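Two chains, two separate frames, one set of hints: put the complex together.
The primary structure of each chain is shown beneath.
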Amino acid sequence: GAGVSQSPRYKVAKRGQDVALRCDPISGHVSLFWYQQALGQGPEFLTYFQNEAQLDKSGLPSDRFFAERPEGSVSTLKIQRTQQEDSAVYLCASSYRDSKQFFGPGTRLTVL
Amino acid sequence: TQLLEQSPQFLSIQEGENLTVYCNSSSVFSSLQWYRQEPGEGPVLLVTVVTGGEVKKLKRLTFQFGDARKDSSLHITAAQPGDTGLYLCAGGSNSGYALNFGKGTSLLVTP
Numbered sequence: 001g002a003g004v005s006q007s008p009r010y011k012v013a014k015r016g017q018d019v020a021l022r023c024d025p026i027s028g029h030v031s032l033f034w035y036q037q038a039l040g041q042g043p044e045f046l047t048y049f050q051n052e053a054q055l056d057k058s059g060l061p062s063d064r065f066f067a068e069r070p071e072g073s074v075s076t077l078k079i080q081r082t083q084q085e086d087s088a089v090y091l092c093a094s095s096y097r098d099s100k101q102f103f104g105p106g107t108r109l110t111v112l
Numbered sequence: 001t002q003l004l005e006q007s008p009q010f011l012s013i014q015e016g017e018n019l020t021v022y023c024n025s026s027s028v029f030s031s032l033q034w035y036r037q038e039p040g041e042g043p044v045l046l047v048t049v050v051t052g053g054e055v056k057k058l059k060r061l062t063f064q065f066g067d068a069r070k071d072s073s074l075h076i077t078a079a080q081p082g083d084t085g086l087y088l089c090a091g092g093s094n095s096g097y098a099l100n101f102g103k104g105t106s107l108l109v110t111p
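Protein chains in written order, with my numbering: chain A, 1 to 112; chain B, 1 to 111.
If you are wondering where the hints come from, they were derived from the structure by calculation, not from laboratory data.
Here the structure is a predicted model, which means the values were calculated and not measured.
Where is the CB? At the ideal position from N, CA and C, for every residue including glycine.
Warning: the hint list may mix true and false statements.
Capping the alpha-carbon separation at 30 Å, the derived lysine-lysine pairs in DSSO-like fashion look like this [said to hold, decoys possible]:
{"id": "1", "chain 1": "A", "residue 1": "100", "chain 2": "B", "residue 2": "70"}
{"id": "2", "chain 1": "A", "residue 1": "14", "chain 2": "A", "residue 2": "78"}
{"id": "3", "chain 1": "B", "residue 1": "103", "chain 2": "A", "residue 2": "57"}
{"id": "4", "chain 1": "A", "residue 1": "57", "chain 2": "B", "residue 2": "70"}
{"id": "5", "chain 1": "B", "residue 1": "103", "chain 2": "A", "residue 2": "11"}
{"id": "6", "chain 1": "B", "residue 1": "56", "chain 2": "A", "residue 2": "11"}
{"id": "7", "chain 1": "B", "residue 1": "103", "chain 2": "A", "residue 2": "78"}
{"id": "8", "chain 1": "B", "residue 1": "56", "chain 2": "B", "residue 2": "103"}
Reference excerpt, derived from the structure (chain B facing chain A, CB under 10 Å, subset only) [stated by the list, open to error]:
{"id": "9", "residue": "6"}
{"id": "10", "residue": "43"}
{"id": "11", "residue": "44"}
{"id": "12", "residue": "90"}
{"id": "13", "residue": "97"}
With the rest of the complex left out, here is chain B (with noise of 0.2 Å):
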């Protein structure tokens, strides 16, 4: 198992904050992908990066794939309490179908 490590576990910040997630490995992957999972809902797919040193960006979000493809970091930039869930990172497994996750860091930002 390709095991994905993210940090941190918990964050709690305030209103206009900035922060930054990280997802780390010591596997190679072809891609990782970022979800976002409310409470008692799914998660949700906000990016796949697949070239080593991408950075693609989604409104305040801005994701990052490392050069060696080994690791992946998430920064939200001025966090509103809608940016509030789990955000897990995936990469493929093995088996080229099934997504491996990581644990998640949980993020509340309060008004």
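Bound-form chain A, shown alone (with noise of 0.2 Å):
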């Protein structure tokens, strides 16, 4: 595809649920960046990814959420246990290399 594809596009959960968030960078690009945008705020960093090594994690908010991007391609960011505060939308970024960031249109996660 033309850019960063995200699904699904929107997930509801009920609290204590695992969920699993999607992101499919666009083609050849090296870094895949995963953000958290809380209602009325701007995105906040979770974590980044060069290839399939996952070299910053320092914006996770607990060890509740885990990303991955095994063949360093698709990412996937798992969220355990959801609670009410995770309801945000997520957001996945990617580059070449760490240049200009494409953003694809997020996951609206709801936590009931």
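As structure tokens, then:
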């Protein structure tokens, strides 16, 4: 595809459920980023991959959050035992190395 | 964390009016970026300013980077309904690769 795609676009989870959010970056983009955007806020950095290596996970809010990119392309952000405070839009971005970042449309997660 | 403060938080104007939004920090940035985000979409890069005092124009949008590289402004001339959206400024973080965003200015332009 031409851009970054994310799925699902919307996810409703009951508190305590596990969720998995998928990101398909632009083909050939080495770098991949996950951001969390709470309502009325700007995006906040969660984690960064270069190819399959997770080089920075300092923004992950708790050990319930886990991200992987096993083949250096598609990435999955997993949240275990979801809590209401996890409700947000999760944005994925990719770039060719560390140049301009292209963002996907995001996954809106609502935890009831 | 290098904080970026944006003002105003909300702005509602009529078509044809001019407006300016601001992005301020106490920290020096090597560059600042401006994004526009429409509902249900991810941010889209509008411009990157790099040099202190730099002015860049993109059609009716004028971006300025402060001399000390701590602040930036976005001026829109003759706003149109298509300009409606969330305007975000972002600077590089200490990591050098992650972006550090402000909270954004939500702009509504009514016909």
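Verification of the hints:
1. 100(A) - 70(B): Holds. Residue 100(A) to residue 70(B) sits at ~21 Å (cutoff 30 Å).
2. 14(A) - 78(A): holds (15 Å)
3. 103(B) - 57(A): holds (22 Å)
4. 57(A) - 70(B): With Cα atoms ~27 Å apart, residue 57(A) and residue 70(B) stay inside 30 Å; holds.
5. 103(B) - 11(A): Roughly 24 Å between the alpha carbons, so the hint for residue 103(B) and residue 11(A) holds.
6. 56(B) - 11(A): This hinted pair is violated, its Cα atoms lying about 39 Å apart.
7. 103(B) - 78(A): holds (25 Å)
8. 56(B) - 103(B): Answer holds: residue 56(B) to residue 103(B) is near 22 Å, not above 30 Å.
9. 6: holds (8 Å)
10. 43: Holds. Min distance 5 Å.
11. 44: holds (7 Å)
12. 90: holds (8 Å)
13. 97: It holds, given that the least Cβ distance between residue 97(B) and chain A is near 5 Å, below 10 Å.
Hint compliance for this structure: hint 6 is the single one not met.
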